[in-house]
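Number of protein chains: 4
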Amino acid sequence: MGKMKVGIIGAGRIGKVHSQSIMNHIPEVEIKTISDVYIDVAKEWAKKMDIKEATSDYKEILNDPEIDAVLICSSTDTHAQISVEAAQAGKHIFCEKPVDLSVEKVEAVLEAVKEAGVKFQVGFNRRFDHNFRKVKEIIDTGKVGDLHIVKITSRDPAPPPAEYVKVSGGMFLDMTIHDFDMARFLIGSEVEQVFVSAAVRVDPAIGEAGDVDTAVINLKFTDGTICVIDNSRKAAYGYDQRVEVFGSKGKVEVANDTPSTAMLSTEEGVFSDKPKYFFLERYMDSFVDEMKDFMDAVLNDKPVPVTGIDGLKPVLIGVAAKKSVEEGRTIKL
Amino acid sequence: MGKMKVGIIGAGRIGKVHSQSIMNHIPEVEIKTISDVYIDVAKEWAKKMDIKEATSDYKEILNDPEIDAVLICSSTDTHAQISVEAAQAGKHIFCEKPVDLSVEKVEAVLEAVKEAGVKFQVGFNRRFDHNFRKVKEIIDTGKVGDLHIVKITSRDPAPPPAEYVKVSGGMFLDMTIHDFDMARFLIGSEVEQVFVSAAVRVDPAIGEAGDVDTAVINLKFTDGTICVIDNSRKAAYGYDQRVEVFGSKGKVEVANDTPSTAMLSTEEGVFSDKPKYFFLERYMDSFVDEMKDFMDAVLNDKPVPVTGIDGLKPVLIGVAAKKSVEEGRTIKL
Amino acid sequence: MGKMKVGIIGAGRIGKVHSQSIMNHIPEVEIKTISDVYIDVAKEWAKKMDIKEATSDYKEILNDPEIDAVLICSSTDTHAQISVEAAQAGKHIFCEKPVDLSVEKVEAVLEAVKEAGVKFQVGFNRRFDHNFRKVKEIIDTGKVGDLHIVKITSRDPAPPPAEYVKVSGGMFLDMTIHDFDMARFLIGSEVEQVFVSAAVRVDPAIGEAGDVDTAVINLKFTDGTICVIDNSRKAAYGYDQRVEVFGSKGKVEVANDTPSTAMLSTEEGVFSDKPKYFFLERYMDSFVDEMKDFMDAVLNDKPVPVTGIDGLKPVLIGVAAKKSVEEGRTIKL
Amino acid sequence: MGKMKVGIIGAGRIGKVHSQSIMNHIPEVEIKTISDVYIDVAKEWAKKMDIKEATSDYKEILNDPEIDAVLICSSTDTHAQISVEAAQAGKHIFCEKPVDLSVEKVEAVLEAVKEAGVKFQVGFNRRFDHNFRKVKEIIDTGKVGDLHIVKITSRDPAPPPAEYVKVSGGMFLDMTIHDFDMARFLIGSEVEQVFVSAAVRVDPAIGEAGDVDTAVINLKFTDGTICVIDNSRKAAYGYDQRVEVFGSKGKVEVANDTPSTAMLSTEEGVFSDKPKYFFLERYMDSFVDEMKDFMDAVLNDKPVPVTGIDGLKPVLIGVAAKKSVEEGRTIKL
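Protein sequences, first through last, are from chains A, B, C and D. If you number the first sequence the way this note's numbering does, the last residue is 442 and the count never jumps. If you number the second sequence the way this note's numbering does, the last residue is 442 and the count never jumps. If you number the third sequence the way this note's numbering does, the last residue is 442 and the count never jumps. If you number the fourth sequence the way this note's numbering does, the last residue is 442 and the count never jumps.
It should be emphasised that the hints constitute simulated quantities derived from the structure, not laboratory data. Any given hint could turn out to be false.
Same chains, same label: a pair holds when it works inside one copy or across any pair of copies.
[Stated by the list, open to error] List of simulated lysine to any residue pairs, SDA-like, C-alpha gap at most 20 Å:
(1) Lys329 <-> Leu219
(2) Lys252 <-> Asp349
(3) Lys343 <-> Arg391
(4) Lys168 <-> Met113
(5) Lys358 <-> Val309
Here chain A stands alone, though its shape is the one from the complex (with noise of 0.2 Å):
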């Protein structure tokens, strides 16, 4: 019997990461069509990765009955409307983050992946971090206890440029959205509360495209845990990507990942690196992971970990985020 059959849509960064992850770690599956808007991107990643097709035209994918699943790793603004289309097609999807900067959409998407009755998993590749996921299983022995606050910490090494953040759905659904999957992932309860403290203190340009590049967002959930994360644009030592979480019995803390473990002394001090650069670096692990189990989930009929309702959730807080910041005060879900 033959691999099974998967289309990529989408050959930006993020999909030649998913193509990869699965050449080389998932041999049970074979990339058969890359589409992508810019034909040369696509044909040229396609030779070089040994893949059959590609093409300009993601229906094609869609339209191929040998294809099985298909990633949707398109910009942003494409993926409901894609993802809609493939359930209707009957194939599994992977759909990167944020499924759509509209609740609407996003609500459209998992209606008809429901009707469809397909596979839907969403790219929140963190909750695959080997530090992560260490945080969870320590929480899931109850060595922490009841959950009382969970701090999460998460900073870019350079701001986007203006241009991206105008068209980005501003920093809480950009950036922040990984920050509400993990407060979530880790808390396993719901946000009921949102106050966000924001400000722009690393660019002017993305203040004047209507944005903020600094802030705190305090959440709370509805099992009593207080969530606070902080994010900024820029981080002058690198990304900065770091949870605690705080309970009853005790807490549970990851550093940043670093290149080496290396460490200089000499008469002008104790010297040692700074964290791996930005999200390649650091999560490369993870974007494998989240592929082996959304393969696993299609091909043994298993549960996806990252399912369409965490899709839609994060959507939700940042919207409720975004209204904190105008409004300034409490938003209630």
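Since chain A is already given, all that's left is putting chains B, C and D on it; use the hints.
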């Protein structure tokens, strides 16, 4: 010429700490008299420490022309009254925190001190802690750049009895007040807005006493810095006292002190020490250093390192924090 | 133009590791044939990995004119013989460590390689480990100054079976040989004197097999650096792989890698991860990187990063170490 | 009843340290007299510390019937002679290390002490250090199992002047003697064999003075433990004082103490504190604790924690170490 003579009002735990600091580390100063409403306590301590006189009436100290300075270490509700009287008696004053739970009374003290022209230092000892002082020094070098986000973690190892909670003025004025001072000390600016998420998670008796035991406090400073403090009345692993300061050029953070650096690796894992147990273990050196600075200010007519305004501001913030919890909204100062 | 074709001799654990490195990370190279004395092992792996041919006779690889390079991953006692034949067949060679336990045989290999003018790289993969490479880079910047003392800790998580010990050539040639290479790599000088303190502390069966399982090895280098290696066949907490380099201007040291950075604090203490379990977990990336460098040397006619001399010298040191234990004295090289 | 009275012989650095420990921390003891060959030094210190009497003749202390115990803090070459006289005068003795550089003289002291039936404690203060004491405690719980390898790192921040080196007895008796004691303390067994690799790498003047400044010392203990000590007279980054104990069930290790836990992360990297500068900074608390234990032993007739034998053995090891360097071979004890 003889030593400068001082009196200590209150022979409880903190009064004893200060008397030891003076006897062991400040040879230029002699404790002439110690007072306590429980005369036996005062007498016993005086005997043990070779302090000449013990009394149940602090006014004997205020009326003693040989005494130049007093340490007010009595119960919180007496701080303001004694401070005013001491100022009127022309004594230099070291007053334990908080000066009072009422803003008006604190203001009355500042007025009396100003009129008398005496030194007045408030006992925010954490400013003198080796870790926090180092953070401040690094901020002052400019290596962190403009401050964007300041995070303060402050958790006690065990909650106080409900009896104490009832008269404590509430967690924000009793415990967080140190953190408000730390925030002002590190940021060097004033709070303009307070938002608090709080809950009773540690002990229902604290809730019944009308207080909270778990909180995340957001402060917005006039210079644009966002500060977030997280508090718990009970950290199972001990006294958790950390700060992290994030700015345009980097971050500086401090970890807890531990009894030893020992690390044991076995088949079961890697084990290391919990933080030093509580404030006497963690902050002993800082008590010595604040006392040295106070005596230096008095002996050499220098400015005190923690002023009356530094005593007042945290009370204002604490009152606002309480109001934020009660009204579920942001409070402007 | 097609890919460069290589053959792998030996389909055991390390042969499999190298074949995965090539297939997943070196698209310019194709594994044409894999051989193993157990033909079923070779066939099964070939099938799983899409390797065209499997054989029980490595000579088919040596005689294949399409094949440019071979990886010698068979049992240690065959390395030298196959290396000589491969050189005579004009193949570039990557040979696992140790090249041989006999100095004469290693020298014969080097001679054959020299005559044939082929590339010859020895599998000292630890040079490619992210931590040790970083140590080397820091030494090369001059920040440590002249080297005075180098300390290498190398402890296995579990002892090999006594059966293996009997044919292993002894701990110094089987296990410490990696540390001898590390010492030469970091110090960049040659050993002139060896002194060993050794004992049987882990397993009496190892002693009965004529070997030791615990040792501290002192090496004096021609440049004056003193190196001390400590070995154990069994560290209860896992694979312990560290170095510390101390010089006139400072020191650089590396800690073990861990599965995660999670730290759990409870009433009982602070718990963190043990080191990654063994060499496959710890050194996987280094196996990839040594293979990349070998292929790059062959494809682009560059010098190999670990030479035949690098294969010979540690054998000489290992033989001296053995002698030092037997005679209870310092051995000069 | 009055306080126990003691005399301090030698008002140099360590005599001052001990007098402060007593005055600030041991209220049961009074320093009646301090002596120093430089009478002005003794007088000045006596005045500053409110010590009743100062003298240039230590015999006044020995002849004073009110004095129960003496601290011998004079120059090393006088320790043995004064110890014998003090024993004969019936005084309990705390003697700084080393007791003497000559084995015979140390033995004579032990003999005199035994005859007089007085307490005799040697100033190996590091046993009282919080880190090393914790290591010992963990060993004693059995969690490390049988000891296999013990590693001690002991490096000074700056070399002594060559003048001092000439009269110091050499690095092994002057500096390593502390490490020999630490090894015996932790392992709880005796050295049977010594091998040293040593060199002059820090300062040629030290070589010209007939000493070494860099060494790796191997000790074999009667219980089978192998111990390796590494010394340098100059670590550019400061005082480096660590141990690692490896056994059948795990390892325990301690890091250096630092002035603060502050960690600064910037674009350039992550910076943290160097170790505490030198022994006064690092070991101050241990000096207090050894003094408390000595006074407790005298006052309550308990055994001293560091005995005369503990004073003798390291001298024997040090002499053997010297011989090992001179003869380039292993020395048996």
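Do the hints match the structure? See the list:
With identical chains, the CA atoms of lysine 329 and leucine 219 are never at most 20 Å apart, being 26 Å at best within one copy and 39 Å at best between copies. In this homomeric assembly, lysine 252 and aspartate 349 come within 20 Å of each other (Cα to Cα) only across copies, at 18 Å, whereas the closest approach inside a single copy is 26 Å. Proximity of lysine 343 to arginine 391 under the C-alpha cut-off of 20 Å is restricted to the intra-copy arrangement: shortest distance 16 Å within a copy versus 32 Å between copies. In this assembly of identical chains, lysine 168 and methionine 113 lie within 20 Å of each other by CA distance solely inside one copy; the values are 19 Å within and 37 Å between copies.
In the homo-oligomer, the alpha carbons of lysine 358 and valine 309 lie at most 20 Å apart only across protomers (15 Å), although the nearest pairing inside one protomer, at 38 Å, exceeds that limit.
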